[in-house]
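Using the sequences and the hints, build the whole thing.
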Amino acid sequence: NPIISGMCDMWQGRTIRVPKLKPTLLGCDIIKVEYALLIYLHIPGSEKLTLELPLVIGTIPFSGVGSRTSSMSSQASSSWSSIPSAPPSY
Numbered sequence: 064n065p066i067i068s069g070m071c072d073m074w075q076g077r078t079i080r081v082p083k084l085k086p087t088l089l090g091c092d093i094i095k096v097e098y099a100l101l102i103y104l105h106i107p108g109s110e111k112l113t114l115e116l117p118l119v120i121g122t123i124p125f126s127g128v129g130s131r132t133s134s135m136s137s138q139a140s141s142s143w144s145s146i147p148s149a150p151p152s153y
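In the working numbering, the protein residues as written are 64 to 153.
Calculated from the structure, these hints are not laboratory results. In this text the structure is predicted, and so the values were computed from the model without any measurement. Take these hints with a grain of salt, some might be off.
Subject to a maximum C-alpha distance of 35 Å in a straight line, what follows is the list of computed DSBU-like cross-link-like pairs (lysine-lysine) [what the hints assert, rightly or not]:
1) Lys111 / Lys95
2) Lys85 / Lys111
3) Lys95 / Lys83
4) Lys85 / Lys95
5) Lys111 / Lys83
Given below as structure tokens:
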């Protein structure tokens, strides 16, 4: 079962399922969409530890070969070719 934002659950070695989300926007100067996994560790007799891990949610499966930027640039170049040109100004 997914963990709803703001809720908590105890991890017992299960797979953590990320709900369907819009892709992370990288390299956009107008809008910034970022995701993070916040982990709070409660250890008896110790201070509470907090860990924030950035998550990149994308539409291209990670192949594990090459760099992340090369797959992102190929996606960007293919998407720009399908965008129609602006209408004429009057």
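Here is how each hint holds up against the structure:
Between Lys111 and Lys95 the CA atoms are separated by roughly 30 Å; this keeps the pair inside 35 Å, and the hint holds. For the suggested pair Lys85 and Lys111, the alpha carbons sit about 31 Å apart, so the restraint of at most 35 Å is met. Between Lys95 and Lys83 the CA atoms are separated by roughly 18 Å; this keeps the pair inside 35 Å, and the hint holds. For a cut-off of 35 Å, the pair hint linking Lys85 to Lys95 stands: about 12 Å separates their Cα positions.
The straight-line distance between the Cα atoms of Lys111 and Lys83 is roughly 30 Å, inside the 35 Å bound, and the hint therefore holds.
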